[in-house]
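Just so you know, the protein sequences line up as chains A and B, in that order.
Per the UniProt record's numbering, the first sequence starts with residue 1, numbered consecutively.
Per the UniProt record's numbering, the second sequence starts with residue 1, numbered consecutively.
Read the hints as simulated data drawn from the structure, not as lab findings.
Just so it is clear, the structure is predicted and the values come from calculations on it, not from any experiment.
Below, simulated BS3-like cross-link-like pairs (lysine-lysine); rule was C-alpha separation at most 25 Å, straight line:
no.: 1; chain 1: A; residue 1: K121; chain 2: B; residue 2: K52
no.: 2; chain 1: B; residue 1: K47; chain 2: A; residue 2: K148
no.: 3; chain 1: B; residue 1: K53; chain 2: A; residue 2: K121
no.: 4; chain 1: A; residue 1: K52; chain 2: B; residue 2: K52
no.: 5; chain 1: A; residue 1: K53; chain 2: B; residue 2: K73
no.: 6; chain 1: B; residue 1: K121; chain 2: A; residue 2: K53
no.: 7; chain 1: A; residue 1: K53; chain 2: B; residue 2: K52
no.: 8; chain 1: A; residue 1: K66; chain 2: B; residue 2: K73
Number of protein chains: 2
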Amino acid sequence: MNYPNGKKNGSDSLKSSQKSETTFSNRGMTLEDDINETNEYYLVKGKAVIHKKPTPIQIVKVDYPKRSAAVIKEGYFKQASTTDYNGIYREKYIDFEAKETKNKTSFPLANFHDHQINHMKSIISHGGICFVIIRFSQLEETYLFPAKNLFLFWENQMNGGRKSIPYSYIKKTSMEIPLYFQPRVDYLTIIDQLYF
Amino acid sequence: MNYPNGKKNGSDSLKSSQKSETTFSNRGMTLEDDINETNEYYLVKGKAVIHKKPTPIQIVKVDYPKRSAAVIKEGYFKQASTTDYNGIYREKYIDFEAKETKNKTSFPLANFHDHQINHMKSIISHGGICFVIIRFSQLEETYLFPAKNLFLFWENQMNGGRKSIPYSYIKKTSMEIPLYFQPRVDYLTIIDQLYF
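This is chain A alone, in the form it adopts within the complex (with noise of 0.2 Å):
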């Protein structure tokens, strides 16, 4: 496919052209929409069926008025003891959770709990693929991590490491996924490449 670019410069045809692809994350869009809007686009053309688990919420209250849906009045956000997303692609199960950060140079490790952690290891060994999906927003890069990368430094930390993973190791042992028009996060692709 072919995009306008806009950019002046195109020496490097190889960096032109990804910076062209990376502006279409830049449209005001979070990684979240745009994971969402990928995995439409692979449902619609029958590639995959991975989901967006809804935000587990604690209902307190709620009233059912006369003729009309009912209304939840009182509700808290609940931790997820889950990824956010998973699914099934080629006979296999697929399991990740997305997050962005605008730092530039490391990756906070508080962007995830012990659940999380935990969860990701039984999927692991049950033979599924699991992994995460990072955006440095800033930097206009989204990976895909392996989460068995995640647990090293996870339990680093719990020994008293870095509380971060370095972008330069990321960058280094993660692949980046392509950004396109459609769909726009292509990780299939990197899928694909990794465990297949």
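Let chain A serve as the given structure and place chain B on it in line with the hints.
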């Protein structure tokens, strides 16, 4: 396992033992409660990772009081476009819906809607295991009903056919799920027999 069944007539031992087990379903627990407990058991035992998805809610208004948690002040229940449960078992993607009926002679198709049926078809086309757990609460019987059988009745209904699945059909074509103290609804034993 042996449980007191409190029945006077113990002549039919299979039926008697079944009855004794099914009394566990009769303690004011809903099918959903039973399945959640079962999934928790499977998770702790390392057998499978299967969760109920949170109920999707359209949040309209949220208050952010000082020094306390955000409160949802207006929200509405949304219709789910997928099934309620999914996860991984023996490296396979598992996806199902759970429904109970007080009806003794048939299971109403009104328990489903088009989105869910389409979702189930997609799951099967991608190689996942998909089914419905149907409980006849008055009969204290719980069945694992493969999704492909459901599709037949759904198409038939679309073409003006009957709006329910006869109990007799379910009993004849589906396996009954054994009910224990723990796990309460041991549906993985049925999956072992049907899908592996």
